[in-house]
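K.L.:
Sequence:
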Amino acid sequence: MKKLTLFLLILFLFSACGSDQTLKSAAVEKSKTFIFEIQAKSVFLSGNFNQWQTDHPSYAFQETSPGQWKLTLPHSLLLPGKNEYKVIADGEWHVDPSAPQFETNPLSGKVGVFFLSNP
Numbered sequence: 094m095k096k097l098t099l100f101l102l103i104l105f106l107f108s109a110c111g112s113d114q115t116l117k118s119a120a121v122e123k124s125k126t127f128i129f130e131i132q133a134k135s136v137f138l139s140g141n142f143n144q145w146q147t148d149h150p151s152y153a154f155q156e157t158s159p160g161q162w163k164l165t166l167p168h169s170l171l172l173p174g175k176n177e178y179k180v181i182a183d184g185e186w187h188v189d190p191s192a193p194q195f196e197t198n199p200l201s202g203k204v205g206v207f208f209l210s211n212p
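Residue numbers 94 to 212, in our numbering, belong to the letters of the sequence shown in order.
A hint or two may mislead.
As the list claims (entries may be wrong) - In silico DSSO-like cross-links for lysine-lysine, where the CA-CA straight-line distance does not exceed 30 angstroms:
#  : residue 1 : residue 2
1  : Lys203    : Lys125
2  : Lys163    : Lys123
3  : Lys134    : Lys123
4  : Lys175    : Lys125
5  : Lys134    : Lys203
6  : Lys203    : Lys175
7  : Lys123    : Lys203
8  : Lys125    : Lys163
9  : Lys163    : Lys175
10 : Lys134    : Lys163
11 : Lys123    : Lys175
12 : Lys203    : Lys163
Said to hold, decoys possible - Here are the in silico distance ranges between beta carbons for each label pair:
#  : residue 1 : residue 2 : range
13 : Pro199    : Ser169    : 26 to 32 angstroms
14 : Lys134    : Pro199    : 28 to 34 angstroms
15 : Gln155    : Pro193    : 30 to 36 angstroms
16 : Glu196    : Gln144    : 14 to 20 angstroms
17 : Glu130    : Phe207    : 17 to 23 angstroms
18 : Leu200    : Lys123    : 24 to 30 angstroms
The hints are simulated quantities; they were obtained by calculation from the structure and are not laboratory data. The structure presented is a predicted model; accordingly, all values stated were derived computationally and were not measured. Just so you know, even glycine gets a beta-carbon here, dropped at the ideal spot from N, CA and C.
Based on the provided sequences and hints, a complete structural model is requested.
P.N.:
Next up, the structure:
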């Protein structure tokens with residue numbers, strides 16, 4: 094019995110010491126949060142990053158309190174570089190007044206603009 098215990102102890106020590114693998118910390122994905130205030134039943138984000146889709150579930154805001162809507166998106170659902178967008182509330186297009194910048198787009202009129210750096 095002592096030999097078996099000694100053998101298992103030595104086996105454990107060699108397996109623990111022999112590993113040259115290192116643990117890598119999990120990459121933290123960056124995100125962007127949008128806040129929009131409007132009385133509505135549904136609110137979505139639409140832009141060049143999702144081909145201006147009007148009701149994609151990944152871009153749906155959640156109502157955090159009456160009239161207060163919030164959406165947090167991982168950068169993987171946005172574009173590196175320039176992102177143009179509008180907010181759609183109950184099917185109507187709105188410019189986000191808190192957008193960092195604005196531009197006028199010939200197809201969609203005034204849009205909010207933000208930039209993401211490349212990963």
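K.L.:
Look at each hint and say if it fits the structure.
P.N.:
Here is what the structure says about each hint:
no. : hint                                : result
1   : Lys203 / Lys125                     : holds (21 angstroms)
2   : Lys163 / Lys123                     : holds (16 angstroms)
3   : Lys134 / Lys123                     : holds (28 angstroms)
4   : Lys175 / Lys125                     : holds (14 angstroms)
5   : Lys134 / Lys203                     : holds (24 angstroms)
6   : Lys203 / Lys175                     : holds (15 angstroms)
7   : Lys123 / Lys203                     : holds (27 angstroms)
8   : Lys125 / Lys163                     : holds (11 angstroms)
9   : Lys163 / Lys175                     : holds (21 angstroms)
10  : Lys134 / Lys163                     : holds (13 angstroms)
11  : Lys123 / Lys175                     : holds (16 angstroms)
12  : Lys203 / Lys163                     : holds (21 angstroms)
13  : Pro199 / Ser169: 26 to 32 angstroms : holds (29 angstroms)
14  : Lys134 / Pro199: 28 to 34 angstroms : holds (31 angstroms)
15  : Gln155 / Pro193: 30 to 36 angstroms : violated (22 angstroms)
16  : Glu196 / Gln144: 14 to 20 angstroms : holds (18 angstroms)
17  : Glu130 / Phe207: 17 to 23 angstroms : holds (18 angstroms)
18  : Leu200 / Lys123: 24 to 30 angstroms : holds (29 angstroms)
Hint 15 alone, counting from the list given before, is not met by this structure.
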